[in-house]
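**Student:** Here is how the chains run, residue by residue.
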Amino acid sequence: MIVSELLLPVFVVLATLAVGAYLVGVIDGAIGAALGAPRGQSAWLAPLTQGAWLLTQQANTTEAPDWRAWRLAPALYLALAATGLAVVPWSPTLIPTDLTTSVVLWGSVEALATVVIFLHGWSANTLLALIGAYRYVALGLSYILISMFVLIGVALPAESLQFSQVVASQAEMWNVIRQPLGLPLFLIVGLGMTFWGPFNLADSRDLAGGTASAVSGPPRLVWNLARAAMLVAFSGVAASAFLGGWLGPWLPGPLWMVIKMLVVLAVLLLIGRLVPRVQPERCVTLMWVVLLPLSFIDLIWAGMEALL
Amino acid sequence: MDYPLTVDIAFLLLAILAVVSGWRVFCTDSMVRASFFLLVSFIAVGVIMILLAAEYLGVAMFFMMAVEMMVMATFMVMFMMNPAGLNPMMMVHQHKFSIAAGVVIFVLLAGVALLAEFPTNPLPADLDPVTSLGNELLGDSMLIFESAGIVLLTTMIGVVVLSSHRGRYGGAHEGSMPPGLVPGGDPAGMPKEDEEEGGGHHHCH
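Protein sequence lines, in the order shown, are assigned to chains P and B. For the first sequence, UniProt numbering assigns the number 1 to the initial residue and increments by one for each residue that follows. For the second sequence, UniProt numbering assigns the number 1 to the initial residue and increments by one for each residue that follows.
No lab work stands behind these hints, which were simulated from the structure alone. Hints may contain errors.
[To be verified] To be clear about the criterion: a stretch of chain P counts as covered by chain B if any three or more of its residues have a C-beta under 8 Å from a C-beta of chain B, and this derived list gives those stretches:
{"#": "1", "segment": "89-101"}
{"#": "2", "segment": "118-125"}
{"#": "3", "segment": "136-146"}
The beta carbon of each residue, even a glycine, is placed where N, CA and C say it ideally should be.
The shape of chain P in the complex, shown without the other chains (with noise of 0.2 Å):
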């Protein structure tokens, strides 16, 4: 009983969050070559290099910083990328943890992840962390919105707010064909949330890392998995959401798991490496003016559905 209910979820959680996290390197990597970015050595090895070279590095340190939320902000984004992932089902059976109520556990997860994000550019105490740390913020709101809204929306026609019922829901057609407009908004908030590609605003170059401007050495190579392991977190979800999570002929339900989290993860990365980051006012502008009502209207669908 504790093998099954409290060893095997905590490893299957791990084990993806180690994984996901390497594959997100060597995937980034790999587009990035295949785009003409200049090589190095080989993707499978880099991200291990680059992990190993901060892990080496020296923490640097600010004048007074607030040194427990600091060191503490990249642990916790990492606990909540953690988080999201318990509450994604590999199949029928295999479900790290199956709350009732786990599609707005995760929404609490992406409300979090707002404050960590924040705690970690304020509490570096440098003038463009805090910048970092104010622009997300003041983004993060609508993220939280948008994602909440198309995810009732699939919570609707499973009339349960349970992953494993979403998932049970889509047996007869995928969310991502019955309701058009859930999953481009959805991978859109997880590349928001991750600050990733065109919606990295909170990291971005025009704020010299922005909330990670004056972080280095270990707690770097944290900040950076924990980011990665919420892209990993957020693909988990989107595939149980919208692509129908373990349902799929012929193979196991963990294995069609595995191949829609890839198949998500990499089109977020092709993404992030092809489109330009979006500048901050217009990104608060497209996300209120355009993204929101957008997913009204996709709430407005996923009801009409329901009742039809």
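Keeping the supplied structure of chain P fixed, place chain B upon it in accordance with the hints.
**Tutor:** Below, chain B alone, put in the same frame as chain P:
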């Protein structure tokens, strides 16, 4: 009721965390830290609610309090004389009154906990708390909850409109001008206006 011993241990640890972080709110010297200590306290209470099988309310506590504390910290920094919330400041005031109020409220709540007669009729084991909560919120009580929600929203917007009319540096319709470092002095941190005409261009030559 039978439940594993771990539930008791978890409850005790979470209760200690909630009380200690609640106490730290008043000891810290920064508004941002105070907000997030309060958030930790609320999260511990949320987990206790999940232990009590209130699965929706407990999880709702996480995201509501996360956004609420984030917005609260931002607003406090915006409206108070403390740039970015980084300067140390005293977080407590009106000591005598607040100590008296704290003692009275503690005695009242402890009295309720000790003296009240709580209902003992057990609910059926297959009752789904999420469904029954949804029926309650969006069923008979919908009008009450929705009107309360609208009133709260209107109040929040009204408060922001009223208080932002006059900001830190004067009326909202005037130009922002920081106060002087000495009473009646020149605005702090403002460069001297150039005397000559077209002063904005002279440094180009």
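**Student:** So, against the hints stated earlier in the document, which numbers end up violated here?
**Tutor:** none
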